[in-house]
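Those sequence lines, one after another, are chains A and B.
First residue of the first sequence: 1, per our numbering; consecutive thereafter.
First residue of the second sequence: 1, per our numbering; consecutive thereafter.
The set of hints was computed from the structure by calculation and includes no laboratory data.
Hints are supplied without guarantee of correctness; some may be wrong.
Pairs count within a copy or across copies, as identical chains cannot be separated in the list.
[Stated by the list, open to error] Cross-link-like lysine to aspartate or glutamate pairs, in silico, EDC-like; alpha carbons within 16 Å at most:
hint	residue 1	residue 2
1	K178	D322
2	K8	D163
3	K303	D92
4	K114	E241
5	K114	D92
6	K114	D223
7	K243	E299
8	K8	D288
Number of protein chains: 2
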Amino acid sequence: MNQVLTQKPHDMLAATLSNEMAAVNTLIQTRMASEHAPRIPEVTAHLVEAGGKRLRPMLTLATARLCGYSGDNHVKLAATVEFIHTATLLHDDVVDESGQRRGRPTANLLWDNKSSVLVGDYLFARSFQLMVETGSLRVLDILANASATIAEGEVLQMTAASDLATDEAIYLQVVRGKTAALFSAATQAGGVIAGAPETQVDALFAYGDALGVAFQIADDLLDYQGDSTATGKNVGDDFRERKLTLPVIKAVAQATAEERAFWMRTIEKGRQDEGDLNHALALMDKYDTLSATRRDAMEWVTKAQDALTALPNDPIRQMLHDLADYVVARLA
Amino acid sequence: MNQVLTQKPHDMLAATLSNEMAAVNTLIQTRMASEHAPRIPEVTAHLVEAGGKRLRPMLTLATARLCGYSGDNHVKLAATVEFIHTATLLHDDVVDESGQRRGRPTANLLWDNKSSVLVGDYLFARSFQLMVETGSLRVLDILANASATIAEGEVLQMTAASDLATDEAIYLQVVRGKTAALFSAATQAGGVIAGAPETQVDALFAYGDALGVAFQIADDLLDYQGDSTATGKNVGDDFRERKLTLPVIKAVAQATAEERAFWMRTIEKGRQDEGDLNHALALMDKYDTLSATRRDAMEWVTKAQDALTALPNDPIRQMLHDLADYVVARLA
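So that you can see chain A by itself, here it is in the shape it has in the complex (with noise of 0.2 Å):
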């Protein structure tokens, strides 16, 4: 742990495979140019320029040559989970009226909605056309999964999100579908393409699973405990959007009559007064929610790590044991 915290292992990752990622940042650019339509480029130069850590596609590069893996069709995968992951962001800003992404504001606002949808199916697109060209039908089949799994799983979070009878189970079900698959596909893609035995695929898909949903969970905590400078976010802009999360399930199950009806109020009917969000912050406190929820966190880290053990001993694997350390870390 005392590396990770002089040394982010998502920095290390980048510097590790820096060549990799800026072929990936190449492609990334040429594929997104439309000649016939500017206003594509215009609307995705916006994200890729406000950065973000580019996690999933290092995860795909990574795994590939952890796997031995001495092609270039990594670099393709890679630009293809990342166009996946743009996309989706792009049609959640709609969905979820957002104004800010990442500290900017968002698409949605700068053009408008339809550009975030249309501009969002371009990208599903070439991505698809990308993948494509590995031509790997068991990569095409595991991306086609993830897809729906993605989808799937944002139609659920829409319908259960203020639904007071969302238990743990269906929040994870939400998170596999808006984080974890795209993990796992990332991670067991990376594998497969390197012609990595089953064995090895597995426990890349067991691996990227547990950290998607291990950094869901955190992401979800964040938003009650996080600042905004860190996060680019308001604290409790969950209970706000009446989303519910691991921390408020955890309270609602534990609720006494009085307290499951202010839940009621404010996440199912949606009717929140001044003063509610901090209410809603004194009972999770009351039942230590927050703290529950970071263990559970943890425990998906320790899932994670023991997943890697069946892969070759390298600096990579390591790289990636620190990266579900930092996960949490950024918790602390």
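The hints should help you fit chain B onto chain A, whose structure is shown.
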């Protein structure tokens, strides 16, 4: 032509392919389901029940059969094509903010934009899974490229539709994206899955492309001369929505300075008063642009029929020939 007027060619195709169309419908129902998110079949059932002619999947079944295919992957491909089409409709309705589709309220009015965006994404993902199951990288390549052309065309339409600089060449690009790309992918994929020789595959692409262009031109013409009972749309919807289509583009190209100012105000700036639609129709009449547009549609019909000569002489070929006639016959 006489035969066409007594029995509609798509009904003859539907009768010839009835077993396979039934299999397509069953597959669509099965794959549309979602264990976790009941909202998905609710939204899609609404579209699927609304019917439509299932023209696109029928084209895939017909062309595969015409090229002697005896397997069953064409059923998966046909369902794929219909899923892509339905997904596009869902996203279009969000973009157009339309309230009616096939004479019924659109999903975004019955539910909300969120559902339309996310369920559209789900259908795209489902179509992707289905095509991967065919195991044909060539088919995947065709459909990936079609998806990119569709999305690019939609973005182009959004930015070009109300811009008086949009000429017939740009219009054709938009039409390829919004209609012809999926028609040509549907026909070409049918030939590829059947293992047809390249000359036939090329001919099927040319047929689908020309049929799609003719179909869209006819649709745009119907907007100005159809009656709303037949089309489920109101006369002049495109004018009110400030969409430049061929009949208006031809009138703008010949406009006097005063007429240009009219188009500038009503289409480009979108300031429309009562009586403007009638004035627009009078200008189209002055330059006889509806007739010129009909002639263009007929030229594309001829191109489609010429392409068919490279294909085996078969009753299905005749039906595809008659289908092209019918696209324009509905304008009579």
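Failing hints, ascending? 1, 2, 3, 6, 7, 8
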